[in-house]
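**Student:** In order, the protein sequences belong to chains A and Y.
Per this note's numbering, the very first residue in the first sequence carries number 1; after that it's consecutive.
Per this note's numbering, the very first residue in the second sequence carries number 424; after that it's consecutive.
If you're looking for bench data, these hints aren't it; they were derived computationally from the structure.
No residue lacks a Cβ here, since even glycine has one placed at the ideal position from N, Cα and C.
A portion of the hints provided could be inaccurate.
Said to hold, decoys possible - Here are the computed distance ranges between Cβ atoms for each label pair:
(1) A:A22 with Y:D476: 41 to 49 angstroms
(2) A:R147 with Y:E731: 48 to 56 angstroms
(3) A:S11 with Y:G756: 46 to 54 angstroms
(4) A:A29 with Y:T441: 39 to 47 angstroms
(5) A:A44 with Y:Q519: 24 to 32 angstroms
(6) Y:A448 with A:R147: 22 to 30 angstroms
(7) Y:G528 with A:D104: 45 to 53 angstroms
(8) Y:R503 with A:S194: 52 to 60 angstroms
(9) A:T101 with Y:W521: 25 to 33 angstroms
(10) Y:G474 with A:E395: 42 to 50 angstroms
(11) A:E28 with Y:H821: 22 to 30 angstroms
(12) Y:G756 with A:E395: 22 to 30 angstroms
2 protein chains.
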Amino acid sequence: MKIVPVTANVSLTRDLDTGTEAQRAAVEAIIQQVKETGDEAVRAYTKQFDGADLLNLRVTNQELEGAYAEINDDLIQALREAITNIRDFHERQKRQSWMTTKEDGTILGQKITALDSVGVYVPGGKAAYPSSIMMNVIPAQVAGVNRIVMVSPAGADGKLPASVLVTASELGVKEIYKVGGAQAIAALAYGTDSIKPVDKITGPGNIYVALAKRAVFGKVDIDMIAGPSEIVVLADEKADPRFIAADLLSQAEHDEQASAVLVTTSKQLAEQVATEVERQLATLPKKAIAEASIRDYGVIYVAHDLVEAIDVVNQLAPEHLEILTEEPMNVIGKIRHAGAIFVGPYSSEPVGDYFAGPNHVLPTNGTARFSSPLNVDDFTKKSSIISYSKQALEENGHKISALARLEGLEAHARAIDIRLEDK
Amino acid sequence: MKIVPVTANVSLTRDLDTGTEAQRAAVEAIIQQVKETGDEAVRAYTKQFDGADLLNLRVTNQELEGAYAEINDDLIQALREAITNIRDFHERQKRQSWMTTKEDGTILGQKITALDSVGVYVPGGKAAYPSSIMMNVIPAQVAGVNRIVMVSPAGADGKLPASVLVTASELGVKEIYKVGGAQAIAALAYGTDSIKPVDKITGPGNIYVALAKRAVFGKVDIDMIAGPSEIVVLADEKADPRFIAADLLSQAEHDEQASAVLVTTSKQLAEQVATEVERQLATLPKKAIAEASIRDYGVIYVAHDLVEAIDVVNQLAPEHLEILTEEPMNVIGKIRHAGAIFVGPYSSEPVGDYFAGPNHVLPTNGTARFSSPLNVDDFTKKSSIISYSKQALEENGHKISALARLEGLEAHARAIDIRLEDK
Chain A
1 MKIVPVTANV SLTRDLDTGT EAQRAAVEAI IQQVKETGDE AVRAYTKQFD GADLLNLRVT
61 NQELEGAYAE INDDLIQALR EAITNIRDFH ERQKRQSWMT TKEDGTILGQ KITALDSVGV
121 YVPGGKAAYP SSIMMNVIPA QVAGVNRIVM VSPAGADGKL PASVLVTASE LGVKEIYKVG
181 GAQAIAALAY GTDSIKPVDK ITGPGNIYVA LAKRAVFGKV DIDMIAGPSE IVVLADEKAD
241 PRFIAADLLS QAEHDEQASA VLVTTSKQLA EQVATEVERQ LATLPKKAIA EASIRDYGVI
301 YVAHDLVEAI DVVNQLAPEH LEILTEEPMN VIGKIRHAGA IFVGPYSSEP VGDYFAGPNH
361 VLPTNGTARF SSPLNVDDFT KKSSIISYSK QALEENGHKI SALARLEGLE AHARAIDIRL
421 EDK
Chain Y
424 MKIVPVTANV SLTRDLDTGT EAQRAAVEAI IQQVKETGDE AVRAYTKQFD GADLLNLRVT
484 NQELEGAYAE INDDLIQALR EAITNIRDFH ERQKRQSWMT TKEDGTILGQ KITALDSVGV
544 YVPGGKAAYP SSIMMNVIPA QVAGVNRIVM VSPAGADGKL PASVLVTASE LGVKEIYKVG
604 GAQAIAALAY GTDSIKPVDK ITGPGNIYVA LAKRAVFGKV DIDMIAGPSE IVVLADEKAD
664 PRFIAADLLS QAEHDEQASA VLVTTSKQLA EQVATEVERQ LATLPKKAIA EASIRDYGVI
724 YVAHDLVEAI DVVNQLAPEH LEILTEEPMN VIGKIRHAGA IFVGPYSSEP VGDYFAGPNH
784 VLPTNGTARF SSPLNVDDFT KKSSIISYSK QALEENGHKI SALARLEGLE AHARAIDIRL
844 EDK
């Protein structure tokens, strides 16, 4: 890894992939076709893109139950514990509706309501990602969403991976369709005979899924469009270079565009980590991917002191931040921008990816400046409540109509005045 | 107004204005030019579009102080009371960071941080909208945003309206630039020599502003892209038709595309309201606008009973909902989708537009199904905190690496394993 001094402006930001002209056109065509012919289009695209010729798009109870035979009990146990932890953390995010009353009879409030329905996209392809299912479904369940639908592309054999089905079963998700790509997003947004529309779509996917989500945004809500993933490790001379190298590589194995960065006050640690990265990289199954990521987006910044190092971290606004300094808890208060903060030597990023409880869907590409981890609020919305008494309107009505007239809105003023005429 | 029975599917949704090809191209060109030449481009566009040849883009203290001479004291008093009410309501939305600890030494938490900087767009043109300034600035201030910038197009005389300047002064906003249109949005997103960039842009504007916000979204955060405004009044036979007609018209005067809808269980009330609308419309200054709105987007639904009427309201998911039934408080719990709910005969919509406290920036066009009024959360973001102890990792590490390997992510598993090797 390259070791560089801190420069005036550092940034993790990589260009967002907005697809090629051809990809965008393909997605538009798919959405249009699904809007027009519904299930017929969904089935045709599923055959064309996934190679699966499906009469029934929906996963059966039999398939769900059968999947258990393929997953060993220890894994099921680990999944259950992860689910318990994630559910517990998200329960703590729940908010209450509230009201406040005034002596003149005014009641004001904020009502929190769960969304009616949510669709979770689960990517297919070679790997299955049970953790992604947990992280998207659980906050929606905790929020109280009544209908949670899962969509995921089947293999050519018409099946979903057993780990995906078991995870869904463990979560109690029963409405699952074997549909992926832009056609799945279109079906969730506009509805077909077999797939009723939802109010929000979450979950990661390839470029076609991302473009389709962007296209239907407004008709339904979507979560963020995730960019390439990143980790920043903040460390002083006391940190263990083996741990840091392992964590940087765990990020780098995701994607050639993933970014792994160390910010340290120690030149010596910088060199040790660079050596360790080379050593550990050599035996990784995803060596080619991790190597490209480290080469193109990996960097070690050497700062003069912790203050400068923290400033770099805040400029980077990383998705994942690990703090491996002597007194890591003291640093948290100085971090202004980070999706998730992993504190101390035993809080390796995968602890949060799978198990601890907080969500692993995090703002990437510098957007931690203004975005949050996926959370229960994302599956609720607020309604304001305003109840004015006759007394309150009589005391304040003339001010309200004056403000309305200041803006040239006479009908607004008259809506107040007509109520005061009876006085 | 047309009176119709309830049909199976009702909807307020109008097409979102995504601009013409020419408008989108113009906005792209403006953004590109501002990115390249900064203030030079901003000044040139300000001269071209607003007719103002400005050396200094920033409003001076002298201008701010001078504006007070033009606004009468009663209005300033009304503004101050409105500000107090709005601030009080939004203070109640504030959330605390929290942490939870476990016996094995695990600490998990959620840190709430205010955004660093926010830009508020204030539309110019013939009218000035002090209420819009209050509604956008106050939640940001309550959230704790350090830098709040206002931008607004000047008149050809190079001045901003006195009411805008006084409102900004009353709120303590001092960084104000006389720049509007897409060039203002571009400057806020990318920065120029005189206007430093911000993290989020909020506030309404014309189609060029809306398109520019959409274009810079991702680089910075934005609030919603507001569609045309709407009101739904839910009323039974006891409601006063004069009040209802006045409230429907107060919505209709905003915009030819605004939508004013009554849902009632009483055929008689429906007819009375239709007559009252005609009568009150006749003398409105904005008669032409309101008449077009009522003609094209106004409708009275007559429902069989309150249950059916409430169902219609939830299908419409209105921005503003007024409940004018005999026991309006009993209805609130049945409303699933509405931006703001105005309860009872004295809670006319303008009460909330200007004065009561809740925000008037609300989800339009059916998006109340999944969106909320502008609120303090919109100006903060969350960071998760994960601190695992050695004990916690020793007890759970093998489950975490098993889950990582289930997903084929070996480097993730090794980041855990390497920490357990020392055991």
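**Student:** Now tell me if each hint is right for this structure.
**Tutor:** Here's how the hints hold up against the structure:
Roughly 46 angstroms separates the CB atoms of A22 of chain A and D476 of chain Y, a value that falls within the hinted 41 to 49 angstroms. For R147 of chain A paired with E731 of chain Y, a C-beta distance near 22 angstroms fails the hint of 48 to 56 angstroms. Between S11 of chain A and G756 of chain Y the beta carbon distance is about 48 angstroms. The supplied range of 46 to 54 angstroms therefore holds. Remark: the range hint 39 to 47 angstroms for A29 of chain A to T441 of chain Y is contradicted by a beta-carbon distance near 18 angstroms.
Evaluation of the 24 to 32 angstroms hint for A44 of chain A and Q519 of chain Y yields a failure: the beta carbon distance comes to about 52 angstroms. For A448 of chain Y and R147 of chain A, the Cβ-Cβ distance of about 41 angstroms falls outside the hinted range of 22 to 30 angstroms, so the restraint is violated. Between G528 of chain Y and D104 of chain A the Cβ separation comes to about 52 angstroms, which falls inside the hinted range of 45 to 53 angstroms. The supplied range of 52 to 60 angstroms is met by R503 of chain Y and S194 of chain A, whose beta-carbon atoms lie about 58 angstroms from each other.
The hinted window of 25 to 33 angstroms between T101 of chain A and W521 of chain Y holds, with their beta carbons roughly 27 angstroms apart. Range check, G474 of chain Y to E395 of chain A: about 44 angstroms between beta-carbon atoms, so the 42 to 50 angstroms window is met. In this structure the supplied range 22 to 30 angstroms is violated for E28 of chain A paired with H821 of chain Y, their Cβ-Cβ distance being about 47 angstroms. At about 29 angstroms, the beta-carbon gap between G756 of chain Y and E395 of chain A stays in the expected band of 22 to 30 angstroms.
Checked against the numbered hints above, the structure violates hints 2, 4, 5, 6, 11; every other hint is satisfied.
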